[in-house]
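Colleague: Sequence:
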Amino acid sequence: MKNYQAILISIVGIGFAYFTLTGTLQNLIHFEGVLNEIAFCVMGLMLGGMGLLSIDYKKLLKGLL
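So that you can map any letter, position 23 of the sequence shown is 23 in this note's numbering, and since no number is skipped, the others follow by simple counting.
Certain hints may be false.
With a cut-off of at most 35 Å between alpha-carbon atoms, the simulated DSBU-like pairs for lysine-lysine come out as follows [said to hold, decoys possible]: (1) 62 / 2; (2) 58 / 2; (3) 59 / 2.
Hints in this document: simulated from the structure, not taken from any laboratory.
Computed from a predicted structure; not experimentally measured.
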């Protein structure tokens with residue numbers, strides 16, 4: 001996976017989790033119950049974490065310097 005894809009995945013996952021926690025996403029997605037909302041937030045956090053773990057930081061620092 002390329003670095004820009006991993007960075008994009010982590011931004012999207014953490015963004016989903018953030019907007020779910022703040023309640024902004026409920027205007028677009030109407031959840032059936034609280035557990036569905038919690039599961040969606042946890043899945044967003046997991047997606048963001050996996051994206052952060054898949055970034056090749058050595059390659060990223062080499063490209064920046």
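Colleague: Could you tell me which of the numbered hints above are not met by this structure, giving the numbers in increasing order?
Modeller: Violated hints: none at all, because every hint is consistent with the structure.
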